[in-house]
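Engineer: Here is what each chain is made of, one letter per residue.
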Amino acid sequence: MKLSFSAEDETFREEIASWLAVNLGGEFEQLRYRGGPGDEHMFAHERKVWEQAMAKGGWTCVGWPAEHGGRGLSIEQQVIFHEEYARAGGPGRVGHIGEGLAGPTIIAYGTDEQKKKYLPGILNGTELWCQGYSEPGAGSDLANVKTKAVLVEGRWRLSGQKVWTSLAHESDWCFVIARTDPESVRHKGLGFFLVRMDQPGVEVRPIEQLTGTSEFNEVFFEDAIAEDILGEPGEGWKIGMALLGFERGVSTLGQQMSFQNELNEIISIAKQNGAAQDATIRQRIAEAHMGLRLMRYNAMRMLSDNSGGAEDSAALVYKLHWASWHRNLGKLAMDVLGPDSELVESGPYNLSRLQSMYLFTRSDTIYGGTNQVQRNIIAERGLGMPKEQRPQ
Amino acid sequence: MKLSFSAEDETFREEIASWLAVNLGGEFEQLRYRGGPGDEHMFAHERKVWEQAMAKGGWTCVGWPAEHGGRGLSIEQQVIFHEEYARAGGPGRVGHIGEGLAGPTIIAYGTDEQKKKYLPGILNGTELWCQGYSEPGAGSDLANVKTKAVLVEGRWRLSGQKVWTSLAHESDWCFVIARTDPESVRHKGLGFFLVRMDQPGVEVRPIEQLTGTSEFNEVFFEDAIAEDILGEPGEGWKIGMALLGFERGVSTLGQQMSFQNELNEIISIAKQNGAAQDATIRQRIAEAHMGLRLMRYNAMRMLSDNSGGAEDSAALVYKLHWASWHRNLGKLAMDVLGPDSELVESGPYNLSRLQSMYLFTRSDTIYGGTNQVQRNIIAERGLGMPKEQRPQ
Amino acid sequence: MEFALTEEQLMIRESAEGFLSAKSNSAAVREAMATEAGYDSALWQSVCEEMFWHAVHIPEEYGGLGLGYVEVAVVMEQMGRRLLCSPYFATVCLGVNALLLAGNNAQKTKWCAEIVEGKTATLAFSGGGRDWSPNSVTAQYSIGAESIELNGEFHYVVDGHSAEILIVAARDCESGQLALFVLPADTNGVQRKWTPTMDQTRKLATLSFDSVTLPRESRLEGNDLGSILDLARIALAAEQCGGAQAILDQSVAYVQEREQFGRTIASFQSIKHKAADMTLQAEVARSAVYYGACVAQEVLAGSDGDQHVASELSEAASMAKAYCSDAYFFNAGSGLQMHGGVGFTWEYDVHLYFKRAKSSESLLGDGAWNRERLASQLLDGEAAS
Amino acid sequence: MEFALTEEQLMIRESAEGFLSAKSNSAAVREAMATEAGYDSALWQSVCEEMFWHAVHIPEEYGGLGLGYVEVAVVMEQMGRRLLCSPYFATVCLGVNALLLAGNNAQKTKWCAEIVEGKTATLAFSGGGRDWSPNSVTAQYSIGAESIELNGEFHYVVDGHSAEILIVAARDCESGQLALFVLPADTNGVQRKWTPTMDQTRKLATLSFDSVTLPRESRLEGNDLGSILDLARIALAAEQCGGAQAILDQSVAYVQEREQFGRTIASFQSIKHKAADMTLQAEVARSAVYYGACVAQEVLAGSDGDQHVASELSEAASMAKAYCSDAYFFNAGSGLQMHGGVGFTWEYDVHLYFKRAKSSESLLGDGAWNRERLASQLLDGEAAS
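If you read the sequences in order, they're chains V, E, R and D.
Residues 1 to 392, numbered by the numbering used here, are exactly what the first sequence covers, in order.
Residues 1001 to 1392, numbered by the numbering used here, are exactly what the second sequence covers, in order.
Residues 2001 to 2385, numbered by the numbering used here, are exactly what the third sequence covers, in order.
Residues 3001 to 3385, numbered by the numbering used here, are exactly what the fourth sequence covers, in order.
Source of the hints: derived by calculation from the structure; they are not laboratory data.
Among the hints, erroneous ones may be present.
To be verified - Listed next, the in silico BS3-like pairs over lysine-lysine satisfying Cα-Cα at most 30 Å (straight line):
| id | chain 1 | residue 1 | chain 2 | residue 2 |
| --- | --- | --- | --- | --- |
| 1 | V | K331 | E | K1387 |
| 2 | E | K1116 | E | K1048 |
| 3 | V | K387 | E | K1387 |
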């Protein structure tokens, strides 16, 4: 166990840092620090162009195996990549659902033909993905899938509704979990589908959020054609769970770097407006700083797992940890701003980056499994405590 | 709604204050501020003598109706009584289980003969009571009663075990909930018994607590004779619950006054040792002060209930509020003392009053219904949320 | 001593509940908050003409109902439950209190009459920043032979852009001595600018005074800005308490309906316990409010009040504001969590309460600020400012 | 960079688990804690002779194993799990660290050899009070031509009454300059008094130095007391992390067995969620400990270490100590609550952990103290002391 990076890794650090210094300028200058949580819908087109520039430089899908077109970086170098990307203020990646979720899942479960068909668009940044997991009324109960898939003349056709889909308007593809067996219940009888967004059977309706903006959408499927099914009908749950597993990968380190940018802004405001002299604010800033550093080391422990079992807990607590931490950071940002936290930048409701972050953090403890669901998972899977009873 | 006391009440305040000034001296001087939580077993004999002195002055059972020998004080005057008693450092009342619990229950459910037999000993401070509620393994599940009552030649005889009984050694009487119907389960088929402690079938064994002292005891009944049954066999649960209701009475205000003495000591230490300059300690002292003041007004609202329903919530949250508050106070006391909080006064394990209080407060959130049980009660009875499912 | 609402106070509460549930529903709140004024003037007119709430604690000699501050708290609590958008807090809990505490007889007579007739008012004092004590006043005055000149800026002025009467605090440009002035909002040299806010249900403004000239009688006789702010804290706490209760009620209703994993989510113990904790917050908040209102009442009664009780004003105000700020924020945050995804949409009302909870927390000092103020009373023996 | 235990480190952990579960069970802990020395010297002998833990990070040139601080943390974590009563922390995490950081070659050679042979040591510095920085040193020294004289008092000295070697901090009676000295505990003029403590599993003492005369070579070459204390904080954090894990494990086992209301209490969601929160605390604590240990390792490597990583020592130490202090206390308090009434008895071990958690929290600075230290690094640009 040691913290220092090898000389080779440091060389790699210089490589990505200087690439970014050169390339993240000009037309892309305006994208610095944009497109994070609460800001995801901004500059979607420009960020897609940026994604393609990244691809040209060989900086997309850096953790994918080389055989599938990735850069096959070690964990250490992926860490460095995310650190430097964030340090440079690299914008939120519009391609992250393809790169982090859809791609790895297709690599794991797709046929050769499917890989050939879908991976290049992700690698070169030309095709964006969005996800169709949650359904209205299902919430954290992901197995409560009502969207139906019916085989009509050899093609699967989907009908139903998904919700909380970000970037749906900008995306070319959506992966959708739908029920292939109408008699089945819960996690049985599901399929995992790849669906083209640009077709008559797909309608996207933005959801207006508490920020007054609409990053998220409802997506309605009415007899929509699924281009492909991944794996077999009935394997949807298994594949979907594997996909969620990829979410806990190295990209969490990138998320942490954008947290660091937020914290830096808060500290700088505190120094300017005198909040840094307030002893309770000082405690909270120290707490936030600690929480973020420890989140990093927790993630590294999770990624370097070699102890068989004991480290699983580090992974199980990860979502609860960052979500709660980020929620507290949002509140801290407002309290550091003090009375000025109420004032909106311009227009009737143009929130500042920190205000928007503050409001958005209230969803962190809800989506992807609420804090309550996370605690159940930790207790049941991590500690072997009894499962919640299901009423008959 | 108003806070100021009437002139008549202020006259009453002078009366009790000057009685205490005169009488709580001499041999009783050493009892000032003693016998509180964590200190309940100290000076038990001397405090019994003090109880009798109180009785001679007409200061026992001040809230009981005059027809049963009490003073029939208004709520306001009871508040004043408790305030002044605590202000003077009056010792923990060894008679409080008789005065606060057994007496009111006997008044409510006893026959005239029973009242004549039991009330005078409580009123004049000669007969002390203890309680036989909890059983080993039952915890907060009070209906899980295993102690049996069998009618043998016209007398009820008890066999079983009770636990967490304070002052059992000093007490003359114990009230015991026992199962009169061997076929019954849970809260059905119970009886409420009055049992003389000084008899061969009753054995008291002290429980050594985390303080190294033994305020609490286990009480073993082996064919012990019950002197009386209150109400009918089968009414034990109803009567027991009514008794617990009396616990939420005016005497809670007395408890608050002893909390105030603890807080005063903490504040005085903080001023001496410099902790009062520590901003986080300042926040916590302010929080403690607030919590206690608001506990008082919450209790007054509960006692002055005239709004039919809405105020019930004030009563339901009371236990959770004071228990959590007191637990925090214990921690605060140690943190104000700082590193010195570890040093014990003398001998191998003679804890100071605040150390003892600190350790004892960890039981506040457990006995009389844990915080978890209290939250269930608030949610189910106060908010009408679904009851916990019982497995079949 | 009697720590329960009287029959009359219960009646006021009941009529407030009825009026507001009809007049301040979700649609009405959303319509009002989208305007620059931030309230529906027709509704304000009926508050004044039908309910007479604006005059609740104005003494009868000045045309009011002559009731106490407990009645103000009862009304504010109900307004908080319904998120009523109105100039009530600014007019009554800042404006009227300032007049009652600092005005002489002539000043009270003149300006209370205008308010009783339906004019709105507010108090402007802070020059900006994190401090909510009278130390935050930065505007200056100089007194000439015939008139007074005022210069300076006022921040975070509740309804400052719409109020018709302004009471402002300023310091003598030489001695730094604090004074209060009352003036019509359309006085020459007064510039007022709405500053849009994250919580849209309460409007704030910035006022700039550029050589504003006032007659000498516009200076109020008293200058106890600290006590005026304490009275406002107690009223704001009452409103927060009502909000904390409302979000609890709405969240419990929601989880009772909402099913997940085959059962109502209200049946999950973690949800029940969260609701229990919210109940505790709301209940203790209520005790804090009514304690504070009783103290305020004795303060407003002047020499007729119980001086011992009145002396607790700054303590009671800081306790009420600290407790209710944290309680409302806790309940609103918990309520949002209990609503899950839909709590995050513009469509559901939870976010309105959540934002109101935050803006109310900050206004007049948050929990930490008020606890430090309490601590200095307890530990330093300083008089609070 | 590699943030996982190596095979060898895993083996050390496993052997520590095995050794301690046999040797430091409840009965052994209770017997040792009831003595004044506070540990079983036969057990300490087998720690030294069989396990060689006391020499883990002493360089091979001074007779040790020459392993890193991660190995120290691995061992301390396991000791914390089992509440081992031993002079390990004082000897290794205070004494050895002081020698390694401040001693010159001759000093390290002489004193490390004694420790490797099984002698115990400790560090005395605080003159009492709430501060745990080097500013807390009040003892004084004056350097004469031939010898050094020391005077003053030391409080809260871990194992101070039983340690055989003392390292003490004092200030030059004129310049206030800090220096460290090493001496045999039986030196003339040294008075040592056991001060019984609430947590009986770790012993503290007060030392009085009355004109203690030392040879000039007893003065250590270095005087970086701040870094020595930071190394100790990291080791203590490792022990706290082990305790936090142990109380979680024991509490989960207890609630799985315990039935109430007709079901195991482990099936109640509030209990499950409490256990989940405890898991989070223990896991993040572990990350804090291993981060700190990696930094400590680079510090102890001196000029061979990664200076960039080493420069994070005070930050890493305060983070580890702050997080683990709060985590252990939270877990111990929650564990006590989960045990219900029996957790309150002397008979069950929960209270031993609960008391240890409190005493460890306070030692070398609690969460708030360490957070303020971090804050001053983040916000004031001050060097930490």
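Engineer: Quick check: which numbered hints come out false for this structure?
Structural biologist: 1
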